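K.L.:
Under the working numbering, the first residue of the sequence shown carries the number 927, and numbering increases by one thereafter.
No lab work stands behind these hints: they were computed from the structure.
It should be emphasised that the depicted structure is a prediction, and the values quoted were computed from it without experimental measurement.
For glycine and all other residues, C-beta sits at the position ideal for the given N, C-alpha and C.
Be aware that a few hints might be false.
[What the hints assert, rightly or not] Result set (DSS-like, lysine-lysine): computed pairs, CA atoms no more than 27 Å apart in a straight line:
#1 Lys1113 to Lys1192
#2 Lys1010 to Lys1071
#3 Lys1010 to Lys1088
#4 Lys1088 to Lys959
#5 Lys1091 to Lys1211
#6 Lys1168 to Lys1146
#7 Lys1091 to Lys1208
#8 Lys1192 to Lys1208
#9 Lys1010 to Lys1168
#10 Lys1208 to Lys1071
#11 Lys1088 to Lys1211
#12 Lys1146 to Lys1059
#13 Lys1208 to Lys959
#14 Lys1088 to Lys1208
#15 Lys1146 to Lys979
#16 Lys1113 to Lys1211
#17 Lys1071 to Lys979
#18 Lys959 to Lys1211
#19 Lys1146 to Lys1010
#20 Lys1192 to Lys1211
#21 Lys1091 to Lys1010
#22 Lys1146 to Lys1088
#23 Lys1088 to Lys1168
[Said to hold, decoys possible] Quick list of the computed label-pair ranges, beta carbon to beta carbon:
#24 Asn1051 to Asp974: 44 to 50 Å
#25 Lys979 to Asp1110: 25 to 31 Å
#26 Gln1183 to Lys1113: 21 to 27 Å
#27 Ser1226 to Ser1176: 26 to 32 Å
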Amino acid sequence: MFFYYFDKIELILSFLYEPPVLILNQKGDCFMKALNNILDYIETQLTDTINEKEIEHLANVSYYNFQKMFLGLTGMTLSEYIRKRKLSRSIADLQYSNDRIIDTAFRYGYQSSEAYTRAFQNLFNQTPSAVRKAETPVTLFPKLKIRIQLEGDVPMNYQIIKNEKITVQGFTRHYDNDEVAQTDIPKFWDWFNESEEGERLLANRDTTQPNQVLGICIPKDINGFDYMIATYGLKETELETKTFEIPASSWLVFEAQGTVPDALRKTYQDIFQVFFPSSQLKPAKLPDFEAYPLDQDPTSPSHITEIWIPIQ
927 MFFYYFDKIE
937 LILSFLYEPP
947 VLILNQKGDC
957 FMKALNNILD
967 YIETQLTDTI
977 NEKEIEHLAN
987 VSYYNFQKMF
997 LGLTGMTLSE
1007 YIRKRKLSRS
1017 IADLQYSNDR
1027 IIDTAFRYGY
1037 QSSEAYTRAF
1047 QNLFNQTPSA
1057 VRKAETPVTL
1067 FPKLKIRIQL
1077 EGDVPMNYQI
1087 IKNEKITVQG
1097 FTRHYDNDEV
1107 AQTDIPKFWD
1117 WFNESEEGER
1127 LLANRDTTQP
1137 NQVLGICIPK
1147 DINGFDYMIA
1157 TYGLKETELE
1167 TKTFEIPASS
1177 WLVFEAQGTV
1187 PDALRKTYQD
1197 IFQVFFPSSQ
1207 LKPAKLPDFE
1217 AYPLDQDPTS
1227 PSHITEIWIP
1237 IQ
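Hey, can you work out the whole structure from these sequences and the hints?
P.N.:
Set out below in structure tokens:
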């Protein structure tokens, strides 16, 4: 087990009408410059297609991994950020042009005025028509402002493990984007924990393997990712499960100690705010997973979840 100490980097997100400010330290400057370039690129594409390959080029990691890093850094999904920026930019079109609302909707990627109005109202609590008439003020969602500050040392408990391929079996669901996954994956776990199928999968697990249940994110080349709730090993079962092989890789394994999901959220924040910006290591475009012990209470402050991240 290793302990890694470094200057903590705090990412401060400020929704102000000012140019973004980057105060960079010598460890995280390249990463944060890349992030700032991506935010600039997104601004140029709010009425056009945002090219995942271009984001991969700017980030120097896969689009899938950048989405995870963005969530860890900001607390919001990349698709949520883009959606809010598009809707905020569209306000200028409503107030300073005579374009029809349906034309504005199409310009910002919506297939109908109804879909645009619904998303607009969910964010601003007003309809596009009301904003066009300037009936009440509206608070915009500006481009993120990034500032890096140095704080005290933060210990991170981790291991680097080289594993051969791992065979698992379980239940899989597909998610088209990270924003949908944020709300639907917890529902998937609720189903698993309450269902007879979940109980039978755990009862049928290979007891020679670690006593854990896994939550696995499996990236796809297009259209989002699969999420799998699984156990180690492969045993004959009448359940309609799927089998999957996690490829051989080197892994960063972090321990998230505390109640689920709070400890996971805090550990992911440290991984993507502190560890990766300060490290030469980069995540690989392979499945990553969380390993939950079956013999511990997830509401206990002593509960430990393992976070396995493949590295290049």
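K.L.:
Of the numbered hints stated previously, which ones are contradicted by the structure, given in increasing order?
P.N.:
Numbers 3, 4, 9, 12, 21, 24 - these are the hints that the structure violates, sorted from lowest upward.
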